Amino acid sequence: MRAVVIGYGSIGARHVGILKKMGVDVSVLTKQKGLSERTFYSLKDALSFESPDYVIIANKTYEHYSTLSDLAEIGFEGTVLVEKPLFHQIHNPPQNKFKDVWVGYNLRFHPLIQKLRRIIQKEPAITVHVVAGQYLPHWRPAVDYHSSYSARRQEGGGVLRDLSHELDYVTWLFGPWKRITALGGHFSPLEIDSDDVFSIMMSGDNCPIVNIQINYLERFPRRELLINTANNSIKVDLIEGRFQVNHEAVQEKVELNDTYRVQHDAVLNNTTDSLCSLEEGMNRMRLINFAEQAVEDKVWVTP
1 MRAVVIGYGS
11 IGARHVGILK
21 KMGVDVSVLT
31 KQKGLSERTF
41 YSLKDALSFE
51 SPDYVIIANK
61 TYEHYSTLSD
71 LAEIGFEGTV
81 LVEKPLFHQI
91 HNPPQNKFKD
101 VWVGYNLRFH
111 PLIQKLRRII
121 QKEPAITVHV
131 VAGQYLPHWR
141 PAVDYHSSYS
151 ARRQEGGGVL
161 RDLSHELDYV
171 TWLFGPWKRI
181 TALGGHFSPL
191 EIDSDDVFSI
201 MMSGDNCPIV
211 NIQINYLERF
221 PRRELLINTA
231 NNSIKVDLIE
241 GRFQVNHEAV
251 QEKVELNDTY
261 RVQHDAVLNN
271 TTDSLCSLEE
281 GMNRMRLINF
291 AEQAVEDKVW
301 VTP
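Residue numbering for the sequence shown follows our numbering, beginning at 1 and increasing consecutively.
Calculated from the structure, these hints are not laboratory results. Please note: incorrect hints may appear among the correct ones.
The list that follows gives simulated cross-link-like pairs (lysine to aspartate or glutamate, EDC-like), each with its CA atoms no further than 16 angstroms apart [said to hold, decoys possible]: (1) K99 / D53; (2) K99 / E77; (3) K97 / E37; (4) K21 / E37; (5) K235 / E224; (6) K44 / D70; (7) K97 / D70; (8) K20 / D258; (9) K115 / D273; (10) K21 / E255.
Since the structure is predicted, the reported quantities are computational estimates derived from the model, not experimental observations.
Taking the hints into account, I'd like the entire structure generated from these sequences.
Have a look at this one:
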(Lines of atoms letter the chains of each structure in order from A and count residues from 1; the text may use other names and numbers.)
(Lines give C-alpha, C1' and ligand atoms only; values in the text may rest on other atoms or scores of the structure.)
Protein backbone atom coordinates (compact mmCIF):
# COMPACT_ATOMS: atom_id res chain seq x y z
CA MET A 1 0.00 0.00 0.00
CA ARG A 2 1.40 3.38 -1.06
CA ALA A 3 0.09 6.75 0.10
CA VAL A 4 0.87 10.39 -0.60
CA VAL A 5 0.08 13.00 2.04
CA ILE A 6 -0.41 16.47 0.57
CA GLY A 7 0.64 19.11 3.08
CA TYR A 8 3.06 18.75 5.98
CA GLY A 9 1.71 21.03 8.67
CA SER A 10 0.72 19.58 12.03
CA ILE A 11 -2.14 17.51 10.65
CA GLY A 12 -0.19 16.30 7.61
CA ALA A 13 2.70 15.22 9.82
CA ARG A 14 0.23 13.40 12.07
CA HIS A 15 -1.17 11.46 9.10
CA VAL A 16 2.33 10.54 7.93
CA GLY A 17 3.37 9.23 11.33
CA ILE A 18 0.21 7.19 11.81
CA LEU A 19 0.27 5.67 8.32
CA LYS A 20 3.93 4.69 8.67
CA LYS A 21 3.16 2.89 11.93
CA MET A 22 0.39 1.06 10.05
CA GLY A 23 2.97 -0.22 7.57
CA VAL A 24 1.94 2.06 4.70
CA ASP A 25 4.67 3.34 2.35
CA VAL A 26 4.21 7.12 2.65
CA SER A 27 5.51 10.08 0.66
CA VAL A 28 4.87 13.78 1.20
CA LEU A 29 3.95 16.58 -1.20
CA THR A 30 4.96 19.91 0.33
CA LYS A 31 6.86 23.13 -0.27
CA GLN A 32 9.01 22.47 2.79
CA LYS A 33 12.66 21.57 2.32
CA GLY A 34 14.96 19.31 4.30
CA LEU A 35 12.39 16.86 5.61
CA SER A 36 13.36 13.34 6.59
CA GLU A 37 10.34 12.02 4.70
CA ARG A 38 10.42 11.11 1.00
CA THR A 39 9.33 14.44 -0.45
CA PHE A 40 7.91 15.69 -3.74
CA TYR A 41 7.25 19.26 -4.83
CA SER A 42 4.95 18.50 -7.77
CA LEU A 43 1.69 16.56 -7.68
CA LYS A 44 2.39 15.05 -11.09
CA ASP A 45 5.80 13.84 -9.94
CA ALA A 46 4.38 12.37 -6.73
CA LEU A 47 1.72 10.43 -8.62
CA SER A 48 4.06 9.40 -11.43
CA PHE A 49 6.92 8.14 -9.24
CA GLU A 50 4.87 6.71 -6.37
CA SER A 51 1.73 5.38 -8.11
CA PRO A 52 -0.16 5.68 -4.81
CA ASP A 53 -3.33 3.82 -3.93
CA TYR A 54 -4.32 6.45 -1.37
CA VAL A 55 -3.98 10.24 -1.26
CA ILE A 56 -4.63 12.37 1.82
CA ILE A 57 -5.31 16.08 1.22
CA ALA A 58 -4.07 17.80 4.38
CA ASN A 59 -2.96 21.21 3.15
CA LYS A 60 -4.67 24.50 3.98
CA THR A 61 -8.46 24.43 3.85
CA TYR A 62 -8.69 26.99 1.05
CA GLU A 63 -6.42 24.75 -1.08
CA HIS A 64 -8.56 21.62 -0.74
CA TYR A 65 -10.78 22.25 -3.75
CA SER A 66 -7.96 23.12 -6.16
CA THR A 67 -5.96 20.12 -4.97
CA LEU A 68 -8.90 17.75 -5.44
CA SER A 69 -9.48 19.27 -8.90
CA ASP A 70 -5.82 18.78 -9.82
CA LEU A 71 -5.99 15.14 -8.72
CA ALA A 72 -9.07 14.62 -10.88
CA GLU A 73 -7.53 16.37 -13.88
CA ILE A 74 -4.39 14.23 -13.69
CA GLY A 75 -6.63 11.15 -13.69
CA PHE A 76 -5.93 9.67 -10.25
CA GLU A 77 -8.09 6.56 -9.79
CA GLY A 78 -7.36 5.65 -6.18
CA THR A 79 -8.93 6.60 -2.86
CA VAL A 80 -8.88 10.15 -1.50
CA LEU A 81 -9.29 11.39 2.07
CA VAL A 82 -9.81 15.17 2.36
CA GLU A 83 -9.18 16.71 5.76
CA LYS A 84 -12.14 18.53 7.29
CA PRO A 85 -13.79 20.76 6.36
CA LEU A 86 -14.12 19.55 2.78
CA PHE A 87 -13.67 23.04 1.28
CA HIS A 88 -13.58 26.59 2.64
CA GLN A 89 -16.59 27.51 0.51
CA ILE A 90 -19.17 25.42 -1.32
CA HIS A 91 -17.99 24.10 -4.70
CA ASN A 92 -19.34 21.38 -6.93
CA PRO A 93 -16.89 18.48 -6.67
CA PRO A 94 -14.87 17.99 -9.88
CA GLN A 95 -15.65 15.21 -12.31
CA ASN A 96 -13.30 12.38 -11.41
CA LYS A 97 -12.35 8.72 -11.66
CA PHE A 98 -11.60 8.31 -7.95
CA LYS A 99 -12.36 4.98 -6.36
CA ASP A 100 -13.73 6.76 -3.27
CA VAL A 101 -13.63 10.18 -1.63
CA TRP A 102 -13.95 10.50 2.14
CA VAL A 103 -13.82 13.51 4.47
CA GLY A 104 -11.67 13.40 7.60
CA TYR A 105 -14.18 13.73 10.42
CA ASN A 106 -12.24 11.33 12.61
CA LEU A 107 -14.16 12.06 15.83
CA ARG A 108 -16.84 9.70 14.52
CA PHE A 109 -14.33 6.99 15.41
CA HIS A 110 -13.89 8.13 19.01
CA PRO A 111 -15.00 5.13 21.11
CA LEU A 112 -17.24 7.33 23.28
CA ILE A 113 -19.00 8.74 20.21
CA GLN A 114 -19.43 5.17 18.97
CA LYS A 115 -20.83 4.16 22.36
CA LEU A 116 -23.22 7.12 22.37
CA ARG A 117 -24.40 6.20 18.88
CA ARG A 118 -25.33 2.70 20.00
CA ILE A 119 -27.34 4.09 22.91
CA ILE A 120 -29.28 6.75 21.03
CA GLN A 121 -30.23 4.32 18.27
CA LYS A 122 -32.39 2.66 20.93
CA GLU A 123 -33.15 5.71 23.07
CA PRO A 124 -33.83 8.92 21.08
CA ALA A 125 -32.51 12.23 22.36
CA ILE A 126 -34.84 15.05 23.42
CA THR A 127 -32.19 17.71 24.06
CA VAL A 128 -28.52 17.91 23.11
CA HIS A 129 -26.05 20.51 24.34
CA VAL A 130 -22.49 20.58 22.98
CA VAL A 131 -19.61 22.80 24.09
CA ALA A 132 -16.22 22.76 22.38
CA GLY A 133 -13.43 25.29 22.60
CA GLN A 134 -9.77 26.01 23.07
CA TYR A 135 -7.82 29.25 23.48
CA LEU A 136 -6.40 29.90 20.03
CA PRO A 137 -2.98 31.27 21.18
CA HIS A 138 -2.44 28.00 23.09
CA TRP A 139 -3.84 25.70 20.40
CA ARG A 140 -0.63 25.15 18.44
CA PRO A 141 2.23 26.07 20.81
CA ALA A 142 4.90 26.06 18.10
CA VAL A 143 2.92 28.45 15.86
CA ASP A 144 2.19 32.16 16.36
CA TYR A 145 -1.60 32.22 16.24
CA HIS A 146 -1.55 35.45 14.20
CA SER A 147 0.01 33.55 11.28
CA SER A 148 -2.14 30.42 11.55
CA TYR A 149 -4.84 29.69 8.99
CA SER A 150 -7.33 29.75 11.87
CA ALA A 151 -6.80 33.50 12.17
CA ARG A 152 -7.51 34.16 8.49
CA ARG A 153 -11.00 33.96 7.10
CA GLN A 154 -9.82 33.87 3.48
CA GLU A 155 -7.77 30.74 4.20
CA GLY A 156 -10.77 28.91 5.62
CA GLY A 157 -10.08 29.87 9.21
CA GLY A 158 -12.55 30.62 11.96
CA VAL A 159 -14.05 28.52 14.69
CA LEU A 160 -17.10 27.51 12.63
CA ARG A 161 -14.87 25.65 10.17
CA ASP A 162 -12.10 24.69 12.60
CA LEU A 163 -14.57 22.97 14.92
CA SER A 164 -16.90 21.65 12.25
CA HIS A 165 -16.30 18.26 13.89
CA GLU A 166 -19.15 19.25 16.20
CA LEU A 167 -21.48 19.97 13.27
CA ASP A 168 -20.55 16.63 11.77
CA TYR A 169 -20.94 14.26 14.68
CA VAL A 170 -24.07 16.01 15.95
CA THR A 171 -25.66 15.67 12.51
CA TRP A 172 -24.44 12.09 12.15
CA LEU A 173 -25.90 11.18 15.54
CA PHE A 174 -29.03 13.31 15.76
CA GLY A 175 -29.83 14.82 12.33
CA PRO A 176 -31.02 15.59 9.73
CA TRP A 177 -32.20 19.11 10.53
CA LYS A 178 -35.43 20.92 9.69
CA ARG A 179 -34.27 24.38 10.76
CA ILE A 180 -31.23 26.17 12.13
CA THR A 181 -30.35 29.55 13.60
CA ALA A 182 -27.15 30.98 15.04
CA LEU A 183 -25.28 33.82 16.68
CA GLY A 184 -21.62 34.21 15.91
CA GLY A 185 -18.71 36.33 14.81
CA HIS A 186 -15.54 37.90 16.14
CA PHE A 187 -16.15 39.24 19.64
CA SER A 188 -12.89 38.77 21.58
CA PRO A 189 -9.63 40.78 21.67
CA LEU A 190 -7.90 38.05 19.63
CA GLU A 191 -6.06 39.65 16.71
CA ILE A 192 -7.73 37.66 13.94
CA ASP A 193 -10.17 38.47 11.14
CA SER A 194 -12.12 35.20 11.44
CA ASP A 195 -14.99 34.22 13.73
CA ASP A 196 -14.01 33.22 17.27
CA VAL A 197 -17.42 32.35 18.75
CA PHE A 198 -20.50 30.58 17.39
CA SER A 199 -23.68 29.43 19.07
CA ILE A 200 -25.93 27.29 16.89
CA MET A 201 -29.43 26.00 17.57
CA MET A 202 -31.01 23.29 15.44
CA SER A 203 -34.18 21.20 15.39
CA GLY A 204 -35.06 18.02 13.53
CA ASP A 205 -37.27 14.96 13.54
CA ASN A 206 -34.76 12.89 15.53
CA CYS A 207 -34.04 15.56 18.16
CA PRO A 208 -36.16 18.67 18.73
CA ILE A 209 -33.55 20.83 20.49
CA VAL A 210 -29.81 20.90 19.81
CA ASN A 211 -27.45 23.66 20.93
CA ILE A 212 -23.80 23.84 19.89
CA GLN A 213 -21.40 26.39 21.39
CA ILE A 214 -17.90 26.56 19.91
CA ASN A 215 -15.14 29.11 20.53
CA TYR A 216 -11.47 30.03 20.46
CA LEU A 217 -11.61 31.33 24.04
CA GLU A 218 -11.57 28.38 26.46
CA ARG A 219 -8.40 28.53 28.59
CA PHE A 220 -9.12 24.94 29.60
CA PRO A 221 -9.90 22.93 26.43
CA ARG A 222 -13.40 21.45 26.35
CA ARG A 223 -15.23 19.00 24.12
CA GLU A 224 -18.38 17.87 25.89
CA LEU A 225 -21.90 16.66 25.11
CA LEU A 226 -24.92 16.54 27.41
CA ILE A 227 -27.88 14.53 26.13
CA ASN A 228 -31.28 14.10 27.74
CA THR A 229 -33.53 11.23 26.72
CA ALA A 230 -36.87 10.19 28.18
CA ASN A 231 -35.11 7.98 30.73
CA ASN A 232 -31.53 9.15 31.10
CA SER A 233 -29.10 12.05 31.16
CA ILE A 234 -25.82 11.29 29.41
CA LYS A 235 -22.64 13.35 29.68
CA VAL A 236 -19.69 12.70 27.39
CA ASP A 237 -16.29 14.36 27.86
CA LEU A 238 -14.18 13.59 24.80
CA ILE A 239 -11.01 15.15 26.23
CA GLU A 240 -11.07 13.44 29.61
CA GLY A 241 -12.51 10.21 28.20
CA ARG A 242 -15.44 10.20 30.60
CA PHE A 243 -18.86 8.73 29.82
CA GLN A 244 -21.59 9.26 32.39
CA VAL A 245 -25.18 7.98 32.43
CA ASN A 246 -27.09 9.61 35.28
CA HIS A 247 -24.83 9.11 38.33
CA GLU A 248 -22.71 6.28 36.95
CA ALA A 249 -19.51 7.20 35.12
CA VAL A 250 -16.78 5.23 33.39
CA GLN A 251 -13.36 6.50 32.37
CA GLU A 252 -11.68 5.46 29.13
CA LYS A 253 -8.31 6.85 28.12
CA VAL A 254 -8.38 7.65 24.42
CA GLU A 255 -5.45 8.97 22.39
CA LEU A 256 -6.49 11.32 19.58
CA ASN A 257 -4.17 9.48 17.20
CA ASP A 258 -6.26 6.36 17.72
CA THR A 259 -9.25 8.01 16.02
CA TYR A 260 -7.12 8.84 12.98
CA ARG A 261 -5.66 5.33 12.89
CA VAL A 262 -9.09 3.68 13.04
CA GLN A 263 -10.35 6.08 10.36
CA HIS A 264 -7.46 5.14 8.03
CA ASP A 265 -8.07 1.48 8.78
CA ALA A 266 -11.74 1.92 7.80
CA VAL A 267 -10.75 3.62 4.53
CA LEU A 268 -8.16 1.02 3.61
CA ASN A 269 -10.47 -1.90 4.45
CA ASN A 270 -13.58 -0.29 2.93
CA THR A 271 -15.43 -0.41 6.25
CA THR A 272 -17.68 2.52 5.46
CA ASP A 273 -20.28 2.60 8.25
CA SER A 274 -18.62 5.43 10.20
CA LEU A 275 -16.79 7.21 7.38
CA CYS A 276 -17.91 10.65 6.23
CA SER A 277 -18.84 10.48 2.54
CA LEU A 278 -18.30 13.22 -0.02
CA GLU A 279 -22.02 14.02 0.02
CA GLU A 280 -22.01 14.24 3.81
CA GLY A 281 -18.98 16.52 3.61
CA MET A 282 -20.88 18.74 1.19
CA ASN A 283 -23.83 18.69 3.59
CA ARG A 284 -21.57 19.99 6.38
CA MET A 285 -20.46 22.81 4.10
CA ARG A 286 -24.10 23.69 3.49
CA LEU A 287 -24.72 23.61 7.24
CA ILE A 288 -21.84 26.06 7.76
CA ASN A 289 -23.37 28.33 5.14
CA PHE A 290 -26.80 28.10 6.79
CA ALA A 291 -25.28 29.10 10.15
CA GLU A 292 -23.57 32.10 8.55
CA GLN A 293 -26.79 33.04 6.74
CA ALA A 294 -28.73 32.83 10.02
CA VAL A 295 -26.26 35.21 11.67
CA GLU A 296 -26.33 37.67 8.79
CA ASP A 297 -30.11 37.69 8.32
CA LYS A 298 -31.06 37.10 11.98
CA VAL A 299 -33.51 34.36 11.00
CA TRP A 300 -34.21 30.66 11.25
CA VAL A 301 -32.99 28.92 8.09
CA THR A 302 -34.71 25.86 6.65
CA PRO A 303 -32.15 23.55 4.97
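Hint check results:
Using a Cα cut-off of 16 angstroms, the hinted pair K99 and D53 holds, with the two alpha carbons roughly 9 angstroms apart. A threshold of 16 angstroms between alpha carbons decides the hint, and for K99 with E77 the separation of about 6 angstroms falls inside it, so the pair holds. The hinted pair formed by K97 and E37 fails the criterion: a straight-line CA distance of about 28 angstroms is larger than 16 angstroms. This hinted pair checks out: K21 and E37 have alpha carbons roughly 14 angstroms apart, not beyond 16 angstroms.
Between K235 and E224 the CA atoms are separated by roughly 7 angstroms; this keeps the pair inside 16 angstroms, and the hint holds. In summary, the hint linking K44 to D70 is supported, as the alpha carbons are separated by about 9 angstroms, within the 16 angstroms threshold. For the given pair, K97 sits about 12 angstroms from D70 by alpha-carbon distance, which is consistent with the 16 angstroms threshold. The hinted pair formed by K20 and D258 meets the criterion: a straight-line CA distance of about 14 angstroms does not exceed 16 angstroms.
Restraint check: the Cα-Cα separation between K115 and D273 comes to about 14 angstroms, which is no more than 16 angstroms; the hinted pair holds. Under the criterion of a C-alpha separation no larger than 16 angstroms, the hint pairing K21 with E255 is consistent with the structure, at around 15 angstroms.
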